[in-house]
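J.: Here is what each chain is made of, one letter per residue.
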Amino acid sequence: MTVSDIVALLEADVLAGRAELEREVPSAGGCDIISDLLFFGKPGMLLLTGLTQLSVVRTAHLMDIAAIVFVRGKSPDPRAVELAESLGLPLLVSPHSLYECCGRLYARGLPGVVTSTRRLKAECA
Amino acid sequence: MTLRSFSHSYPVLGGAYYLAGRAASDAKRRLGEQEAPAEFARRIAIATYEAEMNICIHAISGEVVIVMEGERVDVVANDRGPGIADIGLALTPGYSTASEKARTMGFGAGLGFANMQRCADRFQVSSQVGIGTRVEMTFLPRPEENPGGAAPCS
Numbered sequence: 000m001t002v003s004d005i006v007a008l009l010e011a012d013v014l015a016g017r018a019e020l021e022r023e024v025p026s027a028g029g030c031d032i033i034s035d036l037l038f039f040g041k042p043g044m045l046l047l048t049g050l051t052q053l054s055v056v057r058t059a060h061l062m063d064i065a066a067i068v069f070v071r072g073k074s075p076d077p078r079a080v081e082l083a084e085s086l087g088l089p090l091l092v093s094p095h096s097l098y099e100c101c102g103r104l105y106a107r108g109l110p111g112v113v114t115s116t117r118r119l120k121a122e123c124a
Numbered sequence: 000m001t002l003r004s005f006s007h008s009y010p011v012l013g014g015a016y017y018l019a020g021r022a023a024s025d026a027k028r029r030l031g032e033q034e035a036p037a038e039f040a041r042r043i044a045i046a047t048y049e050a051e052m053n054i055c056i057h058a059i060s061g062e063v064v065i066v067m068e069g070e071r072v073d074v075v076a077n078d079r080g081p082g083i084a085d086i087g088l089a090l091t092p093g094y095s096t097a098s099e100k101a102r103t104m105g106f107g108a109g110l111g112f113a114n115m116q117r118c119a120d121r122f123q124v125s126s127q128v129g130i131g132t133r134v135e136m137t138f139l140p141r142p143e144e145n146p147g148g149a150a151p152c153s
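Same order as they appear, the protein sequences are chains V and G. Quick note, the first sequence lines up with residues 0 to 124 if you use numbering that gives the first Met the number 0. Quick note, the second sequence lines up with residues 0 to 153 if you use numbering that gives the first Met the number 0.
This is chain G alone, in the form it adopts within the complex (with noise of 0.2 Å):
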C-alpha cells in the first residue's frame, strides 16, 4: 500500500454533533479508494471520529487535521477550549467530564482516550488549561493487517 499524499484539515465546532464524524468518514473513503487494509482504515476512521466527538463535547472550536503520506497516516486533532488540567486522570478509561447533554446523545462515556490510544500506533496528548488541548496520532499497518484483505471479526 502507498497512499496518496494528501493534506486537509477539518473545522470541527463544539456542541454541533450532527457535523461531528466527517474527516473520520472523509478518512475512511479516501482510504478505503485506496484500498488500505480494511482494518487500518477502520483503526484511523475510530480514532479520528473520537477525537471529533471529544472537540464537539469539550471545546468551543478546533480542527482536525489528516497527513496521508505513504504507508503513514497522522492525524492532529487541536481545540480551542478549557483544557485538561491532569490527562493522566483524562487517560483513565471511565473518567468523563461530559455534559448531560453528549450523554443524552449517547456519547462521554469516558473512552474516547483510551480508543484512539488503542487504535493508534503512536499517540501524544498536551493541554493548556484555559487555552486548549491537542492530540496527535500516528497509524501504521500492523503485520496482521493483510492488504486488501477482510478485517478480522474476533
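One chain only, chain V, in its complex shape (with noise of 0.2 Å):
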C-alpha cells in the first residue's frame, strides 16, 4: 500500500512531503505514546496520532517512518509542518478518528507492527 492509497482511504488532505506519496508502507501503527513509539516502531511503518507536537515529526524522522496520520483533523504545530517539509516527510490529515483511521487500514490488509507484547516479552527474556 503506497501513502497515496492512504490518502485516498482516510480521505485525508496532504500538508506536507507530497513529493513522497509513492512511497510503499509494509506496517502501520496507532499511538499517542512517544516512548512507546521509541520502543516499538518499525522502519518504514505508518504512524497514526493524536500528538500534534513538533517532537512528533522529529521522532518519526529518527525513526525512518515513512508517514504521518493527525486523526480526528487534528492540525500540527506549524514548526511540524515545516520541519515534515524539509525531511520530506509526508504529514497527512484526516477527519476520521484513530479507530476509523486504523480500521479502514486494516481492512484492506495493513498489517500492525506489534503483533503481540506476548511474544515480544519472549524476545526479550
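No wet-lab data here; the hints were simulated from the structure. You may find that some hints are simply not true.
Restraint ranges, calculated between C-beta atoms of paired labels, are given here [what the hints assert, rightly or not]:
id, chain 1, residue 1, chain 2, residue 2, range
1, G, 142, V, 21, 27 to 37 Å
2, V, 72, G, 93, 26 to 36 Å
3, V, 0, G, 129, 47 to 57 Å
4, G, 129, V, 4, 49 to 59 Å
5, G, 4, V, 10, 46 to 56 Å
6, G, 0, V, 49, 34 to 44 Å
Just so you know, even glycine gets a beta-carbon here, dropped at the ideal spot from N, CA and C.
Dock the two chains into a complex; use the hints.
T.: Structure follows, in C-alpha cells:
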C-alpha cells in the first residue's frame, strides 16, 4: 500500500511531503505515547496519532517512519509542518477517528507493527 | 564503513522539549552522509534521543557527547539533576518518575533505559543522588546490518 492509497482511504489532506506519496508502507501503528513509539516503532511504518507537537515529526524522522496521519482533523504545530516539509516526510490529516482510520487500513490488509506483547516479552527474556 | 573522526558536545536543557533531539538528528544525518548501515544509524539515533529526553524530563541541564571513530560510535549523556537512588529499579521496563507534563507530551512511559540497552552494544548508567546521572553507550555495526543496505522490516 502506498501513502497515496492511504490518502484516498482515509480521505486525508496532505500538509507536507507531497513528493513522497508513492512510498510503499509495509506496516502501521496507532500511538499517542512517543516512548512507546520509540520502543515499538519499525522502519518504513505509517504512524497514526493524535499528538501534534514538533517532537512527533522529529521522532518519526529518527525512526525512519514513512508518513504520519493526524487523526480527527487535528492540526499539527506549524513548526512540525515546516520540519516535515524540509525532511520530505508526508503529513496527512484525516477527519476520521484513530479507531476508524486504523480499521479502514487494517481491513485493506495493512498489518500492525506490534503483533503481541507476549511475543515481545519472550524475545526480551 | 570507516567513519570520519568526530567529537561534539550538545547541551540539553531540562524542560526544553522542543529542543531535545538535536544530538540524535545530527548523529543520524552524519551517519547517513557516510552511508553507514541504516539500522546502525537508527539504533544510535533512537538511543541518543532517549538519552536527551531523559535529561530534558528529569534534570536541570546536561550534555550529550557523541564520538565517532572508525566503526565505533560512543554516546555519553551527563546531567546535573536529582540522580537515581535505585538504578536497578529505574532500569525496570515501565518504571517511571516522569512528571504529568512529560506524560502529556507523550513521554515518560518508563521504556527509555530498556530501549537504550536494546539499541546499544554496551550500556552503563551511574548516578549520585542530588548530583546527577551519567549514561555511557557504545555502538558497533552488527553482522546483520549490511553496509548501505535497507533496514530490515520485521
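J.: If a hint holds in the structure, say so; if it doesn't, say that too.
T.: Going down the list of hints, with the structure as the test:
1. Taken as a hint, the range 27 to 37 Å holds for the pair residue 142 (chain G) and residue 21 (chain V), whose Cβ atoms sit roughly 33 Å apart.
2. Taken as a hint, the range 26 to 36 Å holds for the pair residue 72 (chain V) and residue 93 (chain G), whose Cβ atoms sit roughly 33 Å apart.
3. In this structure the supplied range 47 to 57 Å holds for residue 0 (chain V) paired with residue 129 (chain G), their Cβ-Cβ distance being about 52 Å.
4. Our hint of 49 to 59 Å for residue 129 (chain G) and residue 4 (chain V) holds, since their Cβ atoms are close to 55 Å apart.
5. Residue 4 (chain G) and residue 10 (chain V) have their C-beta atoms about 51 Å apart, which keeps the hinted 46 to 56 Å range intact.
6. Under the hint 34 to 44 Å, the C-beta atoms of residue 0 (chain G) and residue 49 (chain V), about 39 Å apart, fit the expected range.
Violated hints: none; the structure is consistent with every hint.
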